[in-house]
Amino acid sequence: MAAPYAKLPGWVDYGLIPLINLVVAFLVAGLVVLLVGENPLRAAALLVQGAFGSGDGIGYTLFYATNFIFTGLCVAVAFHCGLFNIGGEGQAYVGGLGVAIAALTLDTVAPWWITLIAATVMSGLVGAAWAFIPAYFQARRGSHIVITTIMFNFIAASLMVYLLVGPLKPLGSQVPATRDFAEGAQLPRLDWLIEMFGMNVRSAPFNVTFLLALAAAFGVWVLIWRTRLGYEIRTMGFSPTAARYAGVRDTRIIVVTMLISGALAGMMALNPVMGDQERLQLDFVTGAGFVGIAVALIGRSHPAGIVPAAILFGMLYQGGAEIAFEMPNISRDMIVIIQGLVILFAGALEHMFRPAIARAFGGLAEGRPKPSAAVTR
Amino acid sequence: MNKFLPGTDPLMAPYAIELAGINKSFGAVHANRDIDLAVEQGTIHGIIGENGAGKSTLMSILYGFYQADSGEIRVGGQPVTINTPNDAIALGIGMVHQHFMLVENFTVLENVMLGAEGAQLLSGGIARARAELERLEREYALEVDPSAIIEELPVGLQQRVEILKALYRGAEILILDEPTGVLTPPEADHLFRILRQLKEQGKTIVLITHKLREIMAVTDNVSVMRQGEMVATRKTAETSVEELAELMVGRRVLLRVEKGEASPGAVKLAVENLTVRDSRGVTMVDDVSFEVRAGEIVGIAGVAGNGQSQLIEAIAGIRRAENGRVTLDGEPVSVTGEADPAMLRTRGMAHVPEDRHHMGLVLQFEENENAILGYHAKDSYVNGPMLDLASIRRDAAEKIEKYDIRPPNCRLKTANFSGGNQQKIVLAREMEQDPAVLIVGQPTRGVDVGAIEFIHKRIIEMRDAGKAVLLVSVELDEIRSLSDRILVMFAGRIAGERGPEATEGELGLLMAGVADETEAPRTKERSTEPETEAAE
Amino acid sequence: MGALETFILILDSTVRLSIPLMFAALAGLYSERAGIFDIGLEGKMLAAAFAGAAAAAVYGSAWIGLFFAVMVSIGLALVHGFASITHRGNQIVSGVAINFIAAGTTVILGQAWFRQGGRTPPLSADGSRFTAIELPFAEAISGVPVVGLVYSELISGHSILVYLAFLAVPFTWWVLFRTRFGLRLRAVGENPGAVDTAGISVTWLRYRAVICTGILCGFAGAYLSVAQNAGFVKDMTAGKGFIALAALIFAKWKPVNVMFACLLFGFLDAVAIRFAGIEIPGLFEVPPQFMQALPYILTVVLLAGFIGRAIPPKAGGQPYVKER
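For the record, the sequence lines run as chains A, B and C. Going by the working numbering, 27 is the number at position 27 of the first sequence; the sequence numbering is gapless. Going by the working numbering, 67 is the number at position 67 of the second sequence; the sequence numbering is gapless. Going by the working numbering, 49 is the number at position 49 of the third sequence; the sequence numbering is gapless.
Misleading hints may appear alongside valid ones.
To be verified - Only pairs whose alpha carbons sit at most 16 Å apart, straight line, appear in this in silico EDC-like list of lysine to aspartate or glutamate: (1) 413/B - 350/A; (2) 378/B - 338/B; (3) 314/C - 151/B; (4) 314/C - 272/B; (5) 457/B - 139/B; (6) 199/B - 278/B.
As the list claims (entries may be wrong) - Residues on chain B that point at chain C, a partial pick, calculated with CB under 10 Å: (7) 63; (8) 64; (9) 120; (10) 142; (11) 144.
Stated by the list, open to error - Computed footprint of chain A on chain B, listed as stretches where at least three residues anywhere in the stretch have a Cβ under 8 Å from a Cβ of chain A: (12) 288-296; (13) 486-492.
None of these hints come from the bench; they were simulated from the model. Even for Gly, the Cβ is constructed at its ideal location relative to N, Cα and C.
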């Protein structure tokens, strides 16, 4: 069946509609702010101030954004193949294991950049491995990838707790974490980048992983739109029958796509583990895997949309912390609400405003000739 | 168009159903255009037409599944409004859908009760329903075990359950949409006996089909639909298969295609004893054998749904065949194993699929991306793992010019091209690969007149360039004007072979499954002997 | 303590731990049997737990708490219905959204209203909390070996919601297989076309199914915060909604199986809590984390068809569009 809705210009589809969805999500979030007796406008001002008002604010905003770029890309790559990888959270979590293995092995013998390369590879491998089983089961045994990836999130959580309270914990330590990484596994900060704009950074953990994330975004763009594999992924995502006709092997494509998706999620672990905490500890992902869903939806699964969407969410995370200082009734959990509303309006209800917008544009386009009825059947 | 309305005697009982001026559009598609129809009480009224002629849409309107954009419906002489299936049921209209509307893991009884349970609790209704069902089964000789699970029943019995469902709801008018599509011939004959019996009990039956044999076998009156219009109504006794076939297909005004003599060369594609089943296990292609030589066009004619689609999909490696052998340019193709369309392409098989929207194109892609679909691993389009976009776009632009694809913009989204131009995108892609064998399915379906001529010329040019062309079309005129040999498919088998000079009536008989005793076995025999002369 | 006592205590805590799973899995059963996937059980349960504890604290009545829990849960269920039935949105995305909205809102409102770090005020046993019900003679026969212990410790001494959960199992079975509504609900999850052509509104039927889901998620949430615990704490569902989902799949969408699956998963949890690790003599120690992950592992294995086959309702996850 053809698309149920009239065709709209590209800028409406990729610009206006996501914007409207985003605005509605924020308006509803504003209602919640009103409900707890605070002024939504003041909250918004505090948010922006907190996120961009200082060097540290920007540093933190971009630090969070780094996580969300990775997880957003993870969700987006799978979306392009028509798959919903809801397991970014777990893949990122076990990705931390890859980071830790590389870091603990190399931190005393190698410079940071060698450790970073090794950790990137390892985190990607472990993240991909964690996505492999759900992918294989989906492709070969028909088990729903959404359910299996959810299950794998929980299995990952149990596995990590087990490792961190057991084998990975240094003897005598009471903290469920690995030992602190030595200098060879501590990533350099990017403070100079912010200081170039005349601001000071004291403590923000904004680090080179951000550049890696941008490189990953560029890599995903190349992969999806410039390679044969990306072409096959998109063919599969748009039309499995056309993919079959074109000789694209579905099992292979599903598995490969999920491996890439899982690897991207796994690499997210670099940022908090090596860039901030400098040890592997419990729960370092803090929901970034799920934020990736919102980021991918808002960014329309395109890296050029994902990076700004990730920065938007980075801003929410950082600015939200600032609001919490000023407004006792609002904590950072406000962000979780906004995140949920964004997913609701930009994802599940994405078509809600479409008919009305299509009507508005239909009205404008009334004068133009319609495509002839004989053409389609 | 002149209409012959049967039984215009005003003293007769009112018509069971009258439709007047029914119109229905889906977006730009006018599925029903000013339809008038009158169905006499207590008769079997056939509605015949090709796939996509608008028959099912019309009946869905009558059943309240869709609402007409304009027009009037009268039931038993009274104007009525049918907004939901409930309204239709209340008016005594029942429908047996083409795809059964049954819950497969329910019992027969549960399916029959669904929506007519009688009370909030099932316990009361079940006993009553069972009794009523047994009465109906006795009265109409429609035996089926009420506690059987639907998915365990053969399709013939599932259909019986659909009929029982309608009767259980007190249907006086029964609409059957392509009821024999999934039935074996004996099952179909049994269905017809049931229908006659229902008629004797005073029910009115509307039978929708594209099969002429059924119309002749069981109906009292027949209406013919073509491209959304009702083109004629006849008394079955006073018409013939030939007349109906012609009305159904229509005499399309086609510019005669300029075509020289064929000079067939070596066998490029040989198909032997090919058998293909669909996902439900129904045999769609039954032991088919034929061959196509270089420099000839072999046309496969037939009413849609007689296995042509499955045949070409199996040859093209998209659908796994149950049995049989296919050789491409003398080398065997593993049609029964892991299908691999990509490998077949590299071996010189090009395929223009019947359904360009779902198979031949990815509508969300840019034009140039579709111009490489299936060939995206070809050396000229890639640099290692990367797509060579410059080369792809240059190539696409060349094809756009050569095939006069409009608008001439290879960056435009494919969905924004018209049907004819979309088809040209597919043709350009497949023809320009210099294939040994070209399979073309429905080349001009949904294509504007201007593009039809162009497409036909290109197909002839391919033949003259020494390609082996296998053409499948439900457009008889197209088959006749392009083919050097014509194979007619009926019920999954090759019903006969004719030369291009065969008359429409002659082909129509074959398409209707009127047995061709002399030809059918000969065709089979011949195709297994590669040395025999091709056309007669 | 003897082995028997220990075992009975574990069973007792199995019951307590499996009740929220049972309510939530049965809740999911209504929705998924009607063809609407619901991964938002967690969120509805969490919102209900908060609403229940908040209302019980404010009005001093557990029953009023339960009422509010159910209402809030229905509200979120209707959001899910609005997105996935009316607007034919992606049911997974909608479920994810609801989980986040619930997770954030409960904390924000809790902090704004009660200022106890997202907690609700502790509920006392004076009627603002569902308390244990002593069944007749429990005290009297507790001394009788085995039977007495089982009766007094395992069967007696639970809150009313526990007994309701066990009643909800046969009740759901009865609704599903003995009522008109149940027949239609099962039909719409398998073939909405059959329901539509039988003259029944697919939309209204599916809305009623998600409302049922809302009601039972409300019970699940209220149990957590008004019966099992004396108040709401942040993220108190802690993934129980997803274990319930796993149980539902594990039970192949059948009510009685749901009860057993929930008891099994509850048992695994109880064992993991009771023992830090289980020693398989002479071999190795099974870590408690493994026990916690076992429900998820079992579900994955089942879904992959290695032990039986879990086949979801045929029309599940797809919005109903009349075909052309």
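Going down the list of hints, with the structure as the test:
1. For the hint pairing residue 413/B with residue 350/A, the CA-to-CA distance comes to about 22 Å; that exceeds 16 Å, so the pair is violated.
2. In summary, the hint linking residue 378/B to residue 338/B is not supported, as the alpha carbons are separated by about 21 Å, beyond the 16 Å threshold.
3. Only pairs whose Cα atoms come within 16 Å are accepted, and residue 314/C paired with residue 151/B is accepted, the gap being roughly 13 Å.
4. At roughly 38 Å between alpha-carbon atoms, residue 314/C and residue 272/B are farther apart than 16 Å, so this suggested pair is violated.
5. In summary, the hint linking residue 457/B to residue 139/B is not supported, as the alpha carbons are separated by about 59 Å, beyond the 16 Å threshold.
6. Between residue 199/B and residue 278/B the CA atoms are separated by roughly 33 Å; this puts the pair beyond 16 Å, and the hint is violated.
7. At a threshold of 10 Å, the smallest CB-CB gap from residue 63/B to chain C is about 7 Å, leaving the interface hint in force.
8. Hint status for residue 64/B: holds, given a least beta-carbon distance of 8 Å to chain C, under 10 Å.
9. Evaluation of the residue 120/B hint against chain C yields a held restraint, the C-beta minimum of about 5 Å falling below 10 Å.
10. Nearest Cβ of chain C to the Cβ of residue 142/B: about 19 Å, over the 10 Å cut. The hint is violated.
11. Taken as an interface hint, residue 144/B does not check out: its beta carbon lies about 17 Å from the nearest beta carbon of chain C, beyond 10 Å.
12. With 0 residues having a Cβ less than 8 Å from any Cβ of chain A, the segment 288-296 of chain B misses the three-residue criterion, and the hint is violated.
13. Residues of the segment 486-492 of chain B with a Cβ under 8 Å from some Cβ of chain A number 0, which does not satisfy the need for three, so the listed coverage is violated.
The structure fails to meet hints 1, 2, 4, 5, 6, 10, 11, 12, 13 from the earlier list, while all remaining hints are met.
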